[in-house]
Amino acid sequence: MTGEVPSWEEVARTHGRFLYNVAYRLTGNDDDAFDLVQEALLRVRKGLETYRPGSMEGWLSRIVTNVFLDEVRRKRRRPIEVLPEDPERLLPSAPGADEPTDRLSDEVQLALRRLPEEFRTAVVLCDVVGLSYEEIADAVAVPVGTVRSRIHRGRRLLREALQ
Amino acid sequence: MPPGPPGDHLGDALSAFLDDELAPAARREAEAHLAGCPGCQGELEEVAAARRAIRIMPVHATRRPLWGDEMIGAVPGVPGGFGIGAAGASWPHPGPERSAASRRRRAAWALVALAAAIVALLLPRDPSVAPSLPSLADTHAARASITEDPLSQLAPIAVPVRFGP
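Sequences listed follow chains X and P, in order. In the working numbering, each number is its position in the first sequence, counted from 1, plus 703. In the working numbering, each number is its position in the second sequence, counted from 1, plus 707.
No wet-lab data here; the hints were simulated from the structure. Warning: the hint list may mix true and false statements.
Derived DEER-like restraints, expressed as beta-carbon distance ranges [stated by the list, open to error]:
1) 713(X) with 716(P): 30 to 36 angstroms
2) 810(X) with 752(P): 15 to 21 angstroms
3) 755(P) with 844(X): 27 to 33 angstroms
4) 769(X) with 820(P): 46 to 52 angstroms
Idealized CB from N, CA, C, for every residue including glycine.
Sequences are here, hints too, so could you generate the full structure?
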């Protein structure tokens, strides 16, 4: 990258794969993950001037998480009828790169998808992105103690779902 | 953050323990508690298994063009084709739809090119461009001889041939 603050294009090309993976773990399906990445890239471009050189992936994680939580809040305000959750819908069986190849990974993803959003977000930011509790607290604007509680409860629920 | 009052189970401090998020003193307390508490040991194993299951998941990729040149360049009015800015209202676009539109455009241009080629073939040729085929045949027949012209050796008599009226 040139200079300390990368261009939007550089961010998109270099970190797009990372963004998409985080978005997929948060949303649980490809279509929503795609939309989430698109909106996150929009915000990245608008906010790039405010970026301070540091952990780019931490910064991007905060953005994609905020987009995700905004969408969760929006849906709560204006609930829409949703299709019943089933593995076929959550984990598309169409052939290609989107096709899950690891059965265990499928089951974990499904269990992750069924966690309450707050728990899922904390768990994804911790175990997929690798943020510290303090960084997660900053990203979702809650105290560190709340982050710790959400991560632990999320993991316990996940474990129960996988057994 | 301390694991909790003495005698209590560790609870969510177990995850903090796994994630190395406890202060040194709290970590020592947690270790001491774990050494004598089968319940917390079992819970630690449970959350550790969940944590491991998530962490070993492969990166999930997609073949969709999230920011490909085609999509980026399609954003109108953006210098360099990479920005969104004022054109943000037209963004985002679902990748598959964008790709389908592009394929349709390419197919339309291919049809136009094919039609142009067919029309070109059907148009009458301009006789001034080169000697016409009938005149060439006339000339050849007039000059033909059995000994000099290998083509005429195949015919018993050199007969002038005229094509067309």
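So which hints don't hold here, by number, going up? Per hint list: single violation, 1.
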